[in-house]
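As they're listed, the protein sequences go chains A and B. Residues in the first sequence are numbered from 40 upward in steps of one, following the working numbering. Residues in the second sequence are numbered from 40 upward in steps of one, following the working numbering.
Hints may be right or wrong, so weigh each one.
Identical copies go unnamed one by one, so any copy, or any two together, can satisfy a pair.
In silico DMTMM-like pairs for lysine to aspartate or glutamate, Cα to Cα no more than 25 Å straight-line [to be verified]:
| id | residue 1 | residue 2 |
| --- | --- | --- |
| 1 | K180 | D198 |
| 2 | K143 | E190 |
| 3 | K180 | D214 |
| 4 | K180 | D164 |
| 5 | K180 | E107 |
| 6 | K180 | D200 |
If you're looking for bench data, these hints aren't it; they were derived computationally from the structure.
There are 2 protein chains.
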Amino acid sequence: YAPPRCAAAQTSAEQGVLPPCHHHEAVHDPQLVPCTCPLFSCPWEGHLEVVVSHLRQTHHINILQGAEIVFLATDMHLPAPTDWIIMHSCLGHHFLLVLRKQEKYEGHPQFFATMMLIGTPTQADNFTYRLELNRNQRRLKWEATPRSVLECVDSVISDGDCLVLNTSLAQLFSDNGSLAIGIAITTSKVHNAEIEM
Amino acid sequence: YAPPRCAAAQTSAEQGVLPPCHHHEAVHDPQLVPCTCPLFSCPWEGHLEVVVSHLRQTHHINILQGAEIVFLATDMHLPAPTDWIIMHSCLGHHFLLVLRKQEKYEGHPQFFATMMLIGTPTQADNFTYRLELNRNQRRLKWEATPRSVLECVDSVISDGDCLVLNTSLAQLFSDNGSLAIGIAITTSKVHNAEIEM
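The shape of chain A in the complex, shown without the other chains:
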């Protein structure tokens, strides 16, 4: 696994500028969060409470509202590594969707998508996120507990514990070079889990 290089900035007409960015090497104060915009070399670090405003003001990452939203990632053909990032506000919290194009195996770019809570791991455990692709008579759904931005998005993606798409599947789900990702967040209740068992 090689750390991602810097990539050209991504823009989307509707969602605003999505600058790919680089992670910090280390966080010294566990209460401090490095800039969570993954592929951009940003020296900022700060407390959880101000991460949202930093991402919005410095990196111009837009916020989409609502329990169920659709994020349109454009220009899927851009070379790896590239990130598409959006914040999602619902249920009183902000979530960060990271869609990454990366070559784990040389010459074979894949797409990795995950959601992080801009909050603590304990808070993250209260939620379930769902990512859904739906096109060409195919449907792919991934449901999981979001990670906290206090954890590292790089390790989530290198572990492959996320929605993973190879290039051919990404093309089947794309329309004119854009991938529409349905996103839903729900609260995960112990009560529901017991009923399912």
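Here the structure of chain A is known, so what remains is to put chain B in place on it, guided by the hints.
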């Protein structure tokens, strides 16, 4: 893409013997189907009507009944290439689930799962199949139209137009080396598709 080598036979206590097998090189009569048990070198070819009895009698592939079933693939640790195969009888037809462990990229085995209708492509278009994995607070669902066994399962898998799992995700969904795959078949009606639009 290299054609899969022969692999040791797979057994499952409940589902019976699952012999991995090899595809034919070519079918001369389009009405004739080569043995659809993919990793085994079987010289048989015959008409669609007798494929089920051939798979059952010669390859001892079991049939599971019901609209929604769970197939337990055991010994997921076996080296690639290995196939797990089961027939699924519902809605008046027989479907073939193929789960394949294969190294597209050397040293990185992946799992590929798809369903084929033991019938014509036109018949296959009337159905939708769903494969579902559900464990460790993660859920992955894949829905698509089944292919016909008159098409080649090898190309479906090499195209990646199926459920694809990397090893780490397969481990997260496995319990004690076994992967439980929920399978459901429904009829796909034009009526429903119009309502969704």
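**Request:** Identify every previously stated hint that the structure contradicts and give their numbers, smallest first.
**Result:** Of the numbered hints, all hold.
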